[in-house]
Amino acid sequence: MNAGNLQLNRWKDIIFKWYGLLCTLAGVLILIVFLYTIIIDGWDRLNWQFFTSLPSRRPSSAGILVPLLGTLWIMVLTTIIAVPIGVAAAIYLEEYGQKSRFASFIEVNIANLAGVPSIIYGLLALEIFVRIMGLGRSLLSGALTLSLLILPIVIVSTREALKSVPKTIREASFALGATKWQTIWNAVLPSAAGGILTGVILAISRAIGETAPLVVIGAMLYITTIPTHPLDDFSVLPIQIYNWLSRPQKGFIENATAAIIVLLAITFLLNGIAIYLRNKWQSKVKW
Amino acid sequence: MLTTKKSNWKEFIIEKILQFSALISIFTTLGILYVLISESIDFFKEVPLSEFLFDTQWTPLFSEKHFGILPLLSGTLLTSFIAILVAVPVGLSIAIFLNEYAPKSLRKILKPVLEVLAAIPTVVYGYFALMVVTPFLQTFIPNLSGFNALSPGIVMGIMILPMVASLSEDALYAIPYSLREASYGMGATKLQTVFRVLIPSASSGIIVSIILAISRAFGETMIVAIAAGQQPNFTFDPTVPIETITTYIVQVSLGDVVQGSIEYKTIYAAGIALFVLTFILNNISYFIRKKYQKYQL
Numbered sequence: 104m105n106a107g108n109l110q111l112n113r114w115k116d117i118i119f120k121w122y123g124l125l126c127t128l129a130g131v132l133i134l135i136v137f138l139y140t141i142i143i144d145g146w147d148r149l150n151w152q153f154f155t156s157l158p159s160r161r162p163s164s165a166g167i168l169v170p171l172l173g174t175l176w177i178m179v180l181t182t183i184i185a186v187p188i189g190v191a192a193a194i195y196l197e198e199y200g201q202k203s204r205f206a207s208f209i210e211v212n213i214a215n216l217a218g219v220p221s222i223i224y225g226l227l228a229l230e231i232f233v234r235i236m237g238l239g240r241s242l243l244s245g246a247l248t249l250s251l252l253i254l255p256i257v258i259v260s261t262r263e264a265l266k267s268v269p270k271t272i273r274e275a276s277f278a279l280g281a282t283k284w285q286t287i288w289n290a291v292l293p294s295a296a297g298g299i300l301t302g303v304i305l306a307i308s309r310a311i312g313e314t315a316p317l318v319v320i321g322a323m324l325y326i327t328t329i330p331t332h333p334l335d336d337f338s339v340l341p342i343q344i345y346n347w348l349s350r351p352q353k354g355f356i357e358n359a360t361a362a363i364i365v366l367l368a369i370t371f372l373l374n375g376i377a378i379y380l381r382n383k384w385q386s387k388v389k390w
Numbered sequence: 702m703l704t705t706k707k708s709n710w711k712e713f714i715i716e717k718i719l720q721f722s723a724l725i726s727i728f729t730t731l732g733i734l735y736v737l738i739s740e741s742i743d744f745f746k747e748v749p750l751s752e753f754l755f756d757t758q759w760t761p762l763f764s765e766k767h768f769g770i771l772p773l774l775s776g777t778l779l780t781s782f783i784a785i786l787v788a789v790p791v792g793l794s795i796a797i798f799l800n801e802y803a804p805k806s807l808r809k810i811l812k813p814v815l816e817v818l819a820a821i822p823t824v825v826y827g828y829f830a831l832m833v834v835t836p837f838l839q840t841f842i843p844n845l846s847g848f849n850a851l852s853p854g855i856v857m858g859i860m861i862l863p864m865v866a867s868l869s870e871d872a873l874y875a876i877p878y879s880l881r882e883a884s885y886g887m888g889a890t891k892l893q894t895v896f897r898v899l900i901p902s903a904s905s906g907i908i909v910s911i912i913l914a915i916s917r918a919f920g921e922t923m924i925v926a927i928a929a930g931q932q933p934n935f936t937f938d939p940t941v942p943i944e945t946i947t948t949y950i951v952q953v954s955l956g957d958v959v960q961g962s963i964e965y966k967t968i969y970a971a972g973i974a975l976f977v978l979t980f981i982l983n984n985i986s987y988f989i990r991k992k993y994q995k996y997q998l
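So the sequences go chain by chain: C and B. Oh and the first sequence: position 116 is 219 in this note's numbering, straight run, nothing missing. Oh and the second sequence: position 116 is 817 in this note's numbering, straight run, nothing missing.
No wet-lab data here; the hints were simulated from the structure. Heads up, a few of these hints could be off.
Derived DSS-like pairs (lysine-lysine); straight-line CA-CA distance at most 27 Å [unchecked claim]:
| # | chain 1 | residue 1 | chain 2 | residue 2 |
| --- | --- | --- | --- | --- |
| 1 | C | Lys283 | C | Lys270 |
| 2 | B | Lys991 | C | Lys270 |
| 3 | C | Lys202 | B | Lys711 |
| 4 | B | Lys812 | C | Lys120 |
From the structure, some residues in chain C lie toward chain B, with a derived Cβ separation under 10 Å [stated by the list, open to error]:
| # | residue |
| --- | --- |
| 5 | Thr155 |
| 6 | Leu305 |
| 7 | Gly321 |
| 8 | Ile363 |
Just so it is clear, CB atoms sit at the ideal spot from N, CA and C, and this is done for glycine as well.
Please put together the full structure from these sequences, using the hints given.
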């Protein structure tokens, strides 16, 4: 190998390094440009009237009260439905059925469900929840739909958290005469709580940003009443944003931008809490 | 003795409750299959499969009805192809840079920032495609229509970028350090090591990331619903309005379609086409991953 070739390879290496940095920074830059444009376009619209007004045909008097409350309702209901089921399923797969054929079949199935497009869940819900169970286009239908959608995420992240609890903790509990469930409830779950909570919050943050399945079950209505009951009709922020974006008037686009700021604020807040918990939990627990 | 018996019962009941929770995922899958198949059977009673697969027009909502999935399929493939063209080269470069070149401190800052891109709701990406990217592209592609496949495709690529980057990074990270040391010991530069040692060793993980990215792009709905135009054109021209399978389902859901009518059944026929596509991709990636875990170095 001659010296020129060697030099050339070194140059290639340096060029690739800068190219890699450029790609990474491009991702960061795009994020900054996106956030900058929505804040510039939507910030002025964010006032008290915007948060407390009902929908309106005039953009300047329309507000996000109904979809904002809808999003909060959906958040609470989805948590109540998805978390117990998801955590229970994860405990079963991780602690009880580890190597059984049944458990591995469920595992393949969950991996598959995680890859099913969200709009397919909408089609499922339209038939099962809205029509057959007769729940209509209610908050409960929406929450059930989103619960099914995030169940694979909750299960996978809970399993990861359970996996990270060392065997010695379980053995110590068994040695004290605890039953399997006592061990799980008193020893394993408290140790895994931080990890489970992080996964749950990320899953909920995914659920409140979801639009397509809710459009399919018919949540895109013009609703002027505040939801007070799980069987009430509803709208959520992403749907309101989509609704406003599909209108030609400029004022509605500005409304959509302002609503995006609110939606992103909620999403980032949830993600921030999740990251904080993850770091805190990781630094606190040392086996 | 009595207490033991009682606690045995309790243990048994709890296990059954947990098992039932795990079964819900099976019920979900069965539910999806049941709904898609039962509604599509009704659809295919009225529309022959050959028309569905080979007719080049999709006009179920017009008076002269055609039921060819090809225009929706071409829209889905076109936007996904553009997205992959953006996400895979850039995502892989980011993975290589962060794993092999970047100092630890920089990596620690950049990784969470890129993960923020994955947390943004898709409807927000749709807004970016429509209001930011399309006008920007129109400045140097003058004949670009206001609704087109190019802009949502690119934005979709940005959306799946973190997924490709993070999955490829995991694959690169899993390679034992000794392989790198052996390559450096032979006098190879980092770049040569990356392309001749690391990428071949991590190839199955990288392929999995690409397949999952394609599957994700097929199923993406809101970006294309907002920015691609909702017009089923059988074309691969990225500058004109198109419609994807997902967008069609949204379009019908928004309208007043009578339940049980043929128009209503079309969304299930479109849904089953989408489900089959993503199901095949997801299973390929699952089995590559399982095989790869078995033979991991």
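Hints versus structure:
{"no.": "1", "hint": "C:Lys283 / C:Lys270", "in the structure": "holds (13 Å)"}
{"no.": "2", "hint": "B:Lys991 / C:Lys270", "in the structure": "holds (24 Å)"}
{"no.": "3", "hint": "C:Lys202 / B:Lys711", "in the structure": "holds (23 Å)"}
{"no.": "4", "hint": "B:Lys812 / C:Lys120", "in the structure": "holds (17 Å)"}
{"no.": "5", "hint": "Thr155", "in the structure": "violated (23 Å)"}
{"no.": "6", "hint": "Leu305", "in the structure": "holds (8 Å)"}
{"no.": "7", "hint": "Gly321", "in the structure": "holds (7 Å)"}
{"no.": "8", "hint": "Ile363", "in the structure": "holds (5 Å)"}
In summary, the structure is inconsistent with hint 5 from the numbered list given earlier, while agreeing with all the others.
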